[in-house]
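Asker: Build out the structure end to end from the sequences listed, making use of the hints.
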Amino acid sequence: MKHLHALGLGAVTALGMTALSMLPAAAAWEPTKPVEFIVPAGTGGGADQMARTLQGIIAKHDLMSTQLVVINKSGGAGGEGFLDVKSNKGNPHKIVISLSNLFTTPLATGIPFNWKDLTPVAMLALDEFVLWVNAEAPYKTAKEYEDAIKAAPDNTFKMGGTGSKQEDQIITVAIQKALGKKLTYIPYKGGGEVAVQLVGGHINSSVNNPIEAVSQWRGDKVRPLCVFDSKTLPYTDKIQGDLSWSSVPTCKSEGLDVEYLMLRGVFMPPGVTDEQVAYFVDLFKRVRETPEWKQLMKDGAFNQTFMAGDEFKAWLDQAETTHKGLMQEAGFIAGN
Amino acid sequence: MEQAHHGAGAGPRQRAVEIGTALLTMLFGLIVIYGSVIVGSGWGSDGPQAGFFPFYVGLIICICSLINLVMALREADSGLFAEWGQLGQVLRVLIPATIYVALIPFLGIYLPSFLLIVVFMTWLGKYGFPLSLAVAVGVPAFFYLTLERWFLIPLPKGPIEAMLGL
Amino acid sequence: MIVDNFINLYHGFYIAGDPFNILLMVIGILLGVIIGVLPGLGGANGVAILLPLTFSMSPTSAIILLTCIYWGALFGGAITSVLFNIPGEPWSVATTFDGHPMARSGRAGEALTAAFTSSFVGAFFAIVMITLIAPLVAQFALQFGPAEKFAVYFLAFASFVGMSKEPPAKTIVSMMIGFALAAVGLDMVTGQLRLTFGVTELLNGFDFLIAVIGLFGIGEILLTMEEGLEFRGKAAKIDPKIVWKTWKTLPKYWATSLRSCIIGCWMGITPAGATPASFMAYGIAKRVSKNGKNFGNGEIEGVVAPETAAHAAGTAAMLPMLALGVPGSPTAAVLLGGLLIWGLQPGPMLFVEQAEFVWGLIASMYLGNIVGLILVLTTVPLFASILRIPFSIIAPVILVICAIGAYTVNNNVFDVLMMMVFGVLGYLLKKTNYPLAPLVLAIVLGDSAEEAFRQSLLGSGGSLAVFWSNPLVSTIMGLGLIAGLWPLIAMAFAKLRGNTTQPA
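Chains as they are written, first to last, in our numbering: chain A, 81 to 416; chain B, 25 to 190; chain C, 7 to 510.
These are calculated hints, taken from the structure and not from any lab test. There could be a bad hint or two in this list.
Have a look at the derived ranges for each label pair, beta carbon to beta carbon [stated by the list, open to error]: (1) 204/C to 169/B: 33 to 43 Å; (2) 391/A to 388/C: 51 to 61 Å; (3) 300/C to 91/B: 27 to 37 Å; (4) 169/B to 354/A: 30 to 40 Å; (5) 183/B to 385/C: 31 to 41 Å; (6) 112/A to 388/C: 38 to 48 Å; (7) 401/A to 61/B: 26 to 36 Å; (8) 385/C to 95/B: 27 to 37 Å.
Keep in mind that this is a model prediction, so the values were computed, not measured. All C-beta atoms, glycine included, are put in the ideal place defined by N, C-alpha and C.
Answerer: This is the structure:
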């Protein structure tokens, strides 16, 4: 039934697919059985949502001859999922989506793996981080909030975030360093929970991803102060009143020199052939052309950088160094 | 849950098993304490450390295991835990089941399931081969169709499935 | 306001009553029951797996299909609990306590009917609540920070412990083993691994379902073997009128039902979830009921209480998801992802901007549960007759189902081995009079309770006063203390009244 649908819809969207004709040679290898898509995080989180959206898009547009099967392996801050992929040497029917825990988990827990143990396929997008406060809080700009933090004693302000020694806490530590004041960091299980704790007034601020807090913003329950990126977001659709993502200033322009973006990328087990990697690079290029993917990017205000090959590897190398530095400074490395 | 009202017959004493269980839980408690101490079991500047709760949990297990141990030692001999014959019955399930789960990592889930059902039905149930084979093929096939085909949940597979290209 | 709701609901019924949507309900419920029956494969997995298939439907049809899978899983979880002592879902553990003894004494049909009917009652109550006071309830849910959540877990524990007949030292050991097992793996608050001893298989910790499948399911098979190769429910008579007969007895338990409904709704909203709700409802029913002493030996009230609460909680969990964008259960978390993919943003504006979708969904909850009840009740004789299959056929099949169930929880072969270990442990502990229920409860709640406790302390800078810092948290903690000390209080009352007969 699903395939019948996919045929009709696929024909319509194929019109927009110029990318399709670009890489005819890459179709030399094709999967011969269902491909396992490992999510190193729990069901319902950001990575899981993206993986399941990919699964849905690929099925709907019939982009792959076999099925894509999403499997969650969230144990040990995702370490379980990465180890599983690492140990499946040469298996081309397994891919894994990654988030920042690709770097943070081995550093924080000592679980033995490194991104170099996997075969990088492509960066799908980068996830933004935004500084949020409760809409009833008196701080209209990031400057006002920073001044309030600076004026108060250490640990007066509570910052909520997802998990411990992961991206949210890394940003928090960077903010502390920039402001010279300590914040109380409270870890929660998921981003949605953090946003609601902020609405309920149990924490003062959060660094939620846009997609995690956008609905609360629409309801005028929370206020975005600044985005941790080098330039403002390009999305101009109105979200709350006259405000859009593009009206949120960068944190740097507000006197808070912190930048952080989170990887949403895909990896394969070690020892797969270049042809097999090329197949998936091509697959994700085609996914990017679909309207559903574009909608997801817009809803979540993602940074739509796409990378593959050596460019991606160079980026990963750079990001690993950055994370190591940040984690070391914060004292998050296991065994210290 | 009446134990040991089975009249005559030999078997392990209830008291011995109680003592063994208490020792086992105490060992478990000690392991938990050890594990907690490694990660830090104190009260940090901002609340308890990772090992704080497990440490006291382990401690309580040890203390209560000790109480259970003393109670068991002081208890008059309260009869049999089970007769040897009964334990034999238990082992007749336990041994095939243990072999079954031990085979799963190597052979996948389908072949061991087939073998388990055949062995169980013919050996313990004294059923004929036709019925046993029918059930043994039917059940794994049912799960293959519903889980792998319908719900797209891959189950563990071994070399035979790989040969068949499933 | 409430009048508006009714007008909206009327429109909702119009949307949900579309024949295509009714067909989706039937499909959804049937799939859900299958998912619910398989231990390990929970409602969350089921919904997650089918989510991508719904992309080409309208959001309303899609969520009707997915929520009906959820209702089906809620109904279906009770089936294996009653028949084989294997809880198909976490929230049906408490159902095994009396449901399985009923099945063993040949009353499987009765137990299943009671379970299904109670599920329906609980769900219906929760939907009525959502219809009438959704915005108020959402406001209430926002009050719950870490301290309040810890207080709720404390209350759930307190109302369940102190009620077993086993020696106290054994009860404590059992519960503490549960806590220790729950602690294994990643410590969420510090991001450290603990109690894993460098073993990668332990990264994931001990999942509650693995423990339960082993302790209850495998343990039960071993006990059955010891008592001879006979399945004790064999005598079950299949009576097609069993549903009517059971229904006649159920109204007696209206007080238990109502209490469980309220517990369930509260737990579903706050979000503690269906599993603690079922334990709490069972614990309180056992204390309050005049048949309390007989709980655990096949008391129908012991099936009514947890099933009502679990289903009320499962349904109520939908509300915070829609109104706040925070899921009250793992399944709701997956549905939340679905909403985003369909281009709907859950949260404060959803009720305003997408009224058609929201009220269509609420109307489908009414219809879906009615459809579900009818469907599952017709299967009662069928399921009850499974018990007539000889043990030597059904036992290996149960073993296979348990193994598959244990595997599908985390897609991990190691879990299947752990399940066997738990099975042997379950047999041993049961034979030596260690109660298993506290162990199970501790595994379910231990982690979350510790997490909430430590989050509270982080927020308060280490001060324990945070648990008495506002009326809400103080009230819940107070209730918890009363519940925990209840056995002592009851004894004191008995003494005061000059009643010399000690409660046994």
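Asker: To test your reading of the hints: which numbers does this structure violate?
Answerer: Violated: hint 8 alone.
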